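S.K.: Single-letter residue listing:
Number of protein chains: 2
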Amino acid sequence: MSEGVEWALHCCVDLSRMRPSQPVTAGRLAKLYDLPIAYLNKQLQALGKAGIVRSAPGPRGGFRLARPQEEISLLDVVIAIEGAQPAFRCTDIVRSGAAGRFAADCGHRSACAVAQAMRAADLVWRKHLAARTVADLREIAELRSPRLGEVIRDWLGGAEVPEQRDRSGRG
Amino acid sequence: MSEGVEWALHCCVDLSRMRPSQPVTAGRLAKLYDLPIAYLNKQLQALGKAGIVRSAPGPRGGFRLARPQEEISLLDVVIAIEGAQPAFRCTDIVRSGAAGRFAADCGHRSACAVAQAMRAADLVWRKHLAARTVADLREIAELRSPRLGEVIRDWLGGAEVPEQRDRSGRG
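Chains as they are written, first to last, in this note's numbering: chain A, 669 to 839; chain B, 669 to 839.
For identical chains, the list gives no copy identity; a pair is met inside one copy or between any two copies.
Below, computed lysine to any residue pairings styled on SDA-like, alpha-carbon distance capped at 20 Å:
#1 K717 - A752
#2 K795 - F756
#3 K795 - Q784
#4 K710 - I761
#5 K717 - L743
#6 K795 - P754
#7 K710 - F756
#8 K710 - C758
#9 K795 - A755
#10 K710 - T759
#11 K710 - R757
#12 K795 - A785
#13 K717 - I747
#14 K710 - G726
#15 K795 - A783
#16 K717 - Y707
These aren't lab readings, by the way, just hints derived from the structure by calculation. Keep in mind that this is a model prediction, so the values were computed, not measured.
Hey, can you work out the whole structure from these sequences and the hints?
M.R.: Shown next as structure tokens:
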């Protein structure tokens, strides 16, 4: 799983803190976590394609959640970034080589026990992620540190702040 | 997840059909599924390192299960091939950039809600795979087609058979 999933989940939680009138730019989200803006923007575009965020252009534009945070599951975000294919890839080797000939000779057409077992595990994982939402994550985060959520919201919603001096002292 | 997991699981089920006196060569397993022998051998070596299979050298050597099939879980095989690290990579972005400074200012040290949620889903997946064994897979396969299991066992345990004619007609 790519690191884009971690970035996207955090960005969704951050956007869930904002009012609808407060879109957040990719640049500001990138600065929040010190992430490369071009690559973060790619993840945000993927969230947009999946109908999870919406973007508005212009100087006062940016990203906001496209639907209520209670209706965005962790599975929605994972699928938006990674695609819907299961982690286990079945290449159907049982239909190849000698095994394929034997199966045909025996008239065996049932689904493969290996693929079924791995898919069942994948389904359990998906159900777990589908049952948890961005709202749940935000609630846990706010319970643990109510102040931190406020600080992040104020900073994301505020005016641009000056860049920190860079570490070489030239800033 | 690499295709090596599929290959390794099928090979374990096949080896579970054999008597202890019937080791199977990597070449024969590769022929069973029409797989590249060098790459299959790499997976079998990984199973060996994990204590799942054991190999004996020599003309009558080959691979056999290193412990009872009831004691080899699907998770054991997945970890042998893919390693034990979870699919979700937490790079701890909440400790970087502005977010890291805010968390420090707020004295926030709790574990991150995103990482915890993704780890919980991973744990559910692992528990599911840990509760199923090679013996379970073999039982399902044999229930569906008792004859197929016998045919594969006889072929794996038998003498080398001549190569099939290749498709160009030159064989």
